[in-house]
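Undergrad: In case it helps, this note's numbering puts the sequence shown at residues 95 to 491.
Errors might be hidden in some of the hints.
[To be verified] Straight-line C-alpha distance at most 30 Å; calculated DSS-like pairs for lysine-lysine:
(1) K369 <-> K203
(2) K275 <-> K189
(3) K445 <-> K221
(4) K102 <-> K403
(5) K351 <-> K164
(6) K107 <-> K189
(7) K351 <-> K274
(8) K304 <-> K351
(9) K274 <-> K221
(10) K445 <-> K403
(11) K369 <-> K351
(12) K189 <-> K203
(13) K107 <-> K445
(14) K304 <-> K320
(15) K369 <-> K274
(16) K241 <-> K203
(17) K274 <-> K195
(18) K274 <-> K203
(19) K403 <-> K351
(20) K403 <-> K107
(21) K241 <-> K189
(22) K274 <-> K241
(23) K304 <-> K275
(24) K195 <-> K275
(25) K189 <-> K351
(26) K164 <-> K221
(27) K241 <-> K351
(28) K351 <-> K221
(29) K241 <-> K275
(30) K304 <-> K164
(31) K320 <-> K164
(32) K164 <-> K203
(33) K113 <-> K102
(34) K113 <-> K164
(35) K189 <-> K164
(36) K369 <-> K221
(37) K164 <-> K102
(38) K445 <-> K203
(39) K107 <-> K221
(40) K241 <-> K195
Just so you know, the hints here were simulated from the structure itself, not pulled from any lab data. The structure presented is a predicted model; accordingly, all values stated were derived computationally and were not measured.
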Amino acid sequence: MSIEAILKPILAKLFNVNKHQRTFLSELFSVLLGRQGRATFENVARYSRFTELTFRRHFATCFDWLAFNKACIDFTQGPFIGVVDCIFIAQSGTKTFGLDKFWSSCAGKAQLGLEVSLLACVNTLTKQCFALEASQTPPDITQQDDKPYSRLSWYLEQLADCLPQLPALLHWVADGYYAKKEIFTLFVGHRRHLITRLRHDAALYHLWTKGRQPGQRGPTRRYDGKAVFDNLSRWQAEGTHPIHGHIELYSALLYSKHFERRLRVVLLVDTHHQKYVLLASTDEQQSASQIAYYYHLRFQIELFFRDAKQFTGLSQCQARSDEKLDYHLNATLSMVNVARLLLAADASLLKSMNALVRRETNRRVWRLIYSQLSSDGSVDVNRLDSLNCQFWQRRAA
């Protein structure tokens, strides 16, 4: 199946996309997979029938990437969960929009570059991750959450804009950075549930369930002592982790004074290294096994970032304006969505992104060669899909 065949039903669902945009998007996605070299305007134009100016002009326009990515996903194929995370992109120069110091997980420290906040979803059955919407973090915003406008405020704005448009995603997963009162309040206000990681020394309290005692004066007690993590007598054993058998699960319904709400807390105990991790969910009825499994699926977004960097040119944009950067970031991430649809539709690719990229590159090169030949040639261009040359130079899986 070709990229055009995949995109046709997707673009047909978008009523606000005109013919010129449909033509450009089909060409853009085809070139992003079939190019060789970096995903810059000049290099992409070498492999396209459009000029460099055409790419620059379209990248300066606005496009509803959330609607496009929603059209790529069939939410009836299984339960989906939402995932939110940020990625650091190294960038040099002084004129690029968004340049600031952001945390780099690879370097283990803050570095100069760009940061992208991505909302994605993961199919809990197939473990496939799909991008939904990416927003670049603006520069010169304080990291202190107690200030009137901080980076946390920017993340809240992105979530508040997108959550109403994603009714199918009831459970969302995020790392420990998002364990903040404002984040919990936002998700609960939209009737969604958040699963995140808590600090090792989180102050949590058992709920008082015995009611008023005879002769008790004053208000009814709310707490039954602070939760401890080295004595599991008051925790309910929930078996082992659904993926890692050496991790034991314990759960309890606890109250957090800091977050001002009750949480279903899961204590994951690593029996090999004698360490523990605390996970929390705003869904009080959710099972401990499901909470641990959903948090495990969160790491699928890291594999998604890897594919976008290696194959679609996520970190290779040389534009400097915020509009073109936003278009490039969302286009390269959405290209991974389309690529995964292609992999699911073609068993010959063996679920390999490298095989898909090699096939699309060879197809584009062959079409370019035959388009320059005489019209008297006997080669049928329509049979290029069946030629063995489409997998030339494909690396072994």
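Undergrad: The structure should be examined with respect to each hint, and the outcome stated for every one.
TA: How the hints compare with the structure:
The suggested pairing of K369 with K203 holds, with an alpha-carbon distance near 24 Å, which does not exceed 30 Å. The straight-line distance between the Cα atoms of K275 and K189 is roughly 35 Å, outside the 30 Å bound, and the hint therefore fails. For the hint pairing K445 with K221, the CA-to-CA distance comes to about 13 Å; that is within 30 Å, so the pair holds. Distance restraint check for K102 and K403: the Cα-Cα separation of roughly 26 Å lies within the 30 Å cut-off, and the hinted pair is therefore satisfied.
The hinted pair formed by K351 and K164 fails the criterion: a straight-line CA distance of about 37 Å is larger than 30 Å. At most 30 Å may separate the alpha-carbon atoms for a hinted pair to count; K107 and K189 exceed this at roughly 37 Å. A C-alpha spacing of about 12 Å is found between K351 and K274, which places the hinted pair at or below 30 Å, so the restraint holds. A hinted pair counts as satisfied when its Cα atoms are at most 30 Å apart, and K304 with K351 qualifies at roughly 20 Å.
Only pairs whose Cα atoms come within 30 Å are accepted, and K274 paired with K221 is accepted, the gap being roughly 27 Å. Only pairs whose Cα atoms come within 30 Å are accepted, and K445 paired with K403 is accepted, the gap being roughly 18 Å. Taking the CA atoms of K369 and K351, the gap is about 25 Å. The hint holds against a cut of 30 Å. For the hint linking K189 to K203, the alpha-carbon distance of about 23 Å falls within 30 Å, and the restraint holds.
Taking the CA atoms of K107 and K445, the gap is about 27 Å. The hint holds against a cut of 30 Å. Taking the CA atoms of K304 and K320, the gap is about 16 Å. The hint holds against a cut of 30 Å. In summary, the hint linking K369 to K274 is supported, as the alpha carbons are separated by about 24 Å, within the 30 Å threshold. Between the alpha carbons of K241 and K203 the distance comes to roughly 23 Å, so the proposed pair stays at or under 30 Å and holds.
Straight-line distance between C-alpha atoms of K274 and K195 comes to about 22 Å, which keeps the hinted pair within the 30 Å bound. As the CA atoms of K274 and K203 are separated by approximately 22 Å, the hinted pair is consistent with the 30 Å bound. Taking the CA atoms of K403 and K351, the gap is near 41 Å; set against the 30 Å cutoff, the hint is violated. Taking the CA atoms of K403 and K107, the gap is near 28 Å; set against the 30 Å cutoff, the hint holds.
Of the pairs offered as hints, the one joining K241 and K189 holds, with about 27 Å between alpha carbons and a cut-off of 30 Å not exceeded. Note on K274 and K241: the hinted pairing holds, with a Cα-Cα distance of about 14 Å set against a maximum of 30 Å. Between the alpha carbons of K304 and K275 the distance comes to roughly 28 Å, so the proposed pair stays at or under 30 Å and holds. Simply put, K195 and K275 have alpha-carbon atoms about 25 Å apart, close enough for the 30 Å limit, and the pair holds.
Simply put, K189 and K351 have alpha-carbon atoms about 44 Å apart, too far for the 30 Å limit, and the pair is violated. Straight-line distance between C-alpha atoms of K164 and K221 comes to about 17 Å, which keeps the hinted pair within the 30 Å bound. As the CA atoms of K241 and K351 are separated by approximately 21 Å, the hinted pair is consistent with the 30 Å bound. For the proposed pair K351 and K221, the alpha carbon gap of about 35 Å is over 30 Å, so the pair is violated.
With a CA separation close to 15 Å, the supplied pair K241 and K275 stays within the 30 Å bound. With a CA separation close to 48 Å, the supplied pair K304 and K164 exceeds the 30 Å bound. Note on K320 and K164: the hinted pairing is violated, with a Cα-Cα distance of about 44 Å set against a maximum of 30 Å. Distance restraint check for K164 and K203: the Cα-Cα separation of roughly 34 Å exceeds the 30 Å cut-off, and the hinted pair is therefore not satisfied.
The hinted pair formed by K113 and K102 meets the criterion: a straight-line CA distance of about 12 Å does not exceed 30 Å. Proposed proximity of K113 and K164 is supported: the alpha carbons are some 20 Å apart, at most 30 Å. A threshold of 30 Å between alpha carbons decides the hint, and for K189 with K164 the separation of about 33 Å lies outside it, so the pair is violated. With a C-alpha separation of about 27 Å, the suggested pair K369 and K221 falls inside the 30 Å cut-off, and the hint holds.
Taking the CA atoms of K164 and K102, the gap is about 14 Å. The hint holds against a cut of 30 Å. Taking the CA atoms of K445 and K203, the gap is about 34 Å. The hint is violated against a cut of 30 Å. This hinted pair checks out: K107 and K221 have alpha carbons roughly 25 Å apart, not beyond 30 Å. A hinted pair counts as satisfied when its Cα atoms are at most 30 Å apart, and K241 with K195 qualifies at roughly 18 Å.
Hints 2, 5, 6, 19, 25, 28, 30, 31, 32, 35, 38 from the earlier list are contradicted by this structure; the remaining hints agree with it.
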